[in-house]
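Visitor: One-letter residues, chain by chain:
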Amino acid sequence: MGSTAGGCLCGAVRYTLARAPAEMDVCHCGMCRKHTGGLALGLMVPRDEVTWEGFEHVGLFRSSDWAERGFCRTCGSGLFYRTLGDGPGSDMISLGAGSLDDLDGVRLTTEIFVDFQPDGYAFAGDLKRMTQAEVEAAFGSEEDSA
Amino acid sequence: MTDDVRDRTGGCYCGAVRFTARDVPLTFGICHCETCRRWTGSALLGVTVPADNITWEGEDHIARHQSSSFAERAWCSTCGSNLFFRFTGGGAPVGGVELPVGVLDDASDMVVHNEIFIDHKPDAYAFVPNDRQVLTRAQCAEKFPLLDRG
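If you're matching them up, the sequences are chains A and B in order. Numbered by my numbering, the letters in the first sequence go through residues 51 to 196 in order. Numbered by my numbering, the letters in the second sequence go through residues 557 to 706 in order.
Isolated chain B, as found in the complex:
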């Protein structure tokens, strides 16, 4: 059920930053845009959680960078683990964060439900298809016109 959610815990590699998150979906997406590709070194495997659902510990170890006009990215300043992507304004749906699934203590039951910016994915690799939704950048911009405003 794509509506299934559960509470989860997580944190960075070194443990300086920890969190508890309420109602985390079982499904996550994959983003191949260049910003996500460079930030992760691969692609962003992200689960969307309302920011208010997350309680952080060790926030003084969280470093942030405004990676575009509408979003910031955060990581642990000690170990470098990517922590979250967050919409900050500019027409974006403020209020949610994308948690990379690797930060969760247990993501073993999670499944992919969409894959976006597929036309920006390098040809170097591909995931085995399933019934997930696959969107190009243009299709994403139809849903989020802010993408075309940069």
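Okay, chain A solo, but in the shape it has when bound:
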């Protein structure tokens, strides 16, 4: 089974999960590619299933009107993306998949914002692929949550 523990590369920030994740997604939007340096792999888990240690080392950056991104202020590891307020997805958090200690048992299943995907690489497998419009239709546009 996949791991239920994770954290940044220097160890200042750690977390434990109530359940081992089984799926991850990738977001190809320009904001995610800019912030991560190119590849935004996310583990979407319920916020109340994450227990943090060392959260005082987390830097928070409000990356848009509807979301913030968390990173370790000691080593710069990208840790999570989460929406602000009570809108769609407010009970979830997207953890950077690379922060999980062991990704055995996890599979990439979904690609979102595929209309912004660069041509230089592609993921193998029979993945669910969603454009921006399809994502907003499925989950609600962030503008709706104001």
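Some hints could be false.
Unchecked claim - Label pairs and their computed distance ranges (CB to CB):
#: 1; chain 1: B; residue 1: Ala607; chain 2: A; residue 2: Asp136; range: 44 to 50 Å
#: 2; chain 1: A; residue 1: Thr66; chain 2: B; residue 2: Val684; range: 30 to 36 Å
#: 3; chain 1: B; residue 1: His676; chain 2: A; residue 2: Glu184; range: 32 to 38 Å
#: 4; chain 1: A; residue 1: Asp151; chain 2: B; residue 2: Thr692; range: 19 to 25 Å
#: 5; chain 1: B; residue 1: Asp560; chain 2: A; residue 2: Gly135; range: 42 to 48 Å
#: 6; chain 1: B; residue 1: Pro649; chain 2: A; residue 2: Glu106; range: 23 to 29 Å
#: 7; chain 1: B; residue 1: Gln695; chain 2: A; residue 2: Asp151; range: 21 to 27 Å
#: 8; chain 1: A; residue 1: Ala187; chain 2: B; residue 2: Asp662; range: 26 to 32 Å
What the hints assert, rightly or not - Short, incomplete list of chain A residues facing chain B, as computed with Cβ under 10 Å:
#: 9; residue: Ala55
#: 10; residue: Gly57
#: 11; residue: Gly80
#: 12; residue: Met81
#: 13; residue: Gly92
#: 14; residue: Pro96
#: 15; residue: Ser113
#: 16; residue: Cys122
#: 17; residue: Thr124
#: 18; residue: Gly139
#: 19; residue: Ser149
#: 20; residue: Leu150
#: 21; residue: Asp154
#: 22; residue: Gly155
#: 23; residue: Gly175
Everything labelled a hint here was simulated from the structure, so no lab data went into it. Model, not experiment: these values are computed from the prediction. Ideal placement from N, C-alpha and C gives every residue a C-beta, glycine not left out.
Let chain A serve as the given structure and place chain B on it in line with the hints.
Guide: Only chain B this time, still in chain A's reference frame:
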């Protein structure tokens, strides 16, 4: 042509750190080592540029961490965007930096030419193969013995 280079601009998500870089290659690599995996949350998609080719603005917003005996990693202290990986010594080829392709304003024409530490990549995902060079950790250590010295 893998020798093709062009000048590019870039910066972090919030704009506090900006740079211009001369002669940036069109090709980049993917590193799956654990340090890159945790730092990026995924894998490092990096293009190698001589450090002297880069002119930075907003350097007081650049935070650094010595992530191993031979390299440091840097990010924007305001927004957290990963900025570069840089060899610092210990037998490593000092002088170059790896820029994550996401920091570039435009990387739309760039292509992958190698993928390293492939044996450390999680099975959770894979890239579609192309003619890129794929190397295990051991194969990388043949080129860079410093890896085995930690």
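Visitor: Can you list which hints this structure breaks, lowest number first?
Guide: Hints 6, 9, 14 and 18 not satisfied by this model.
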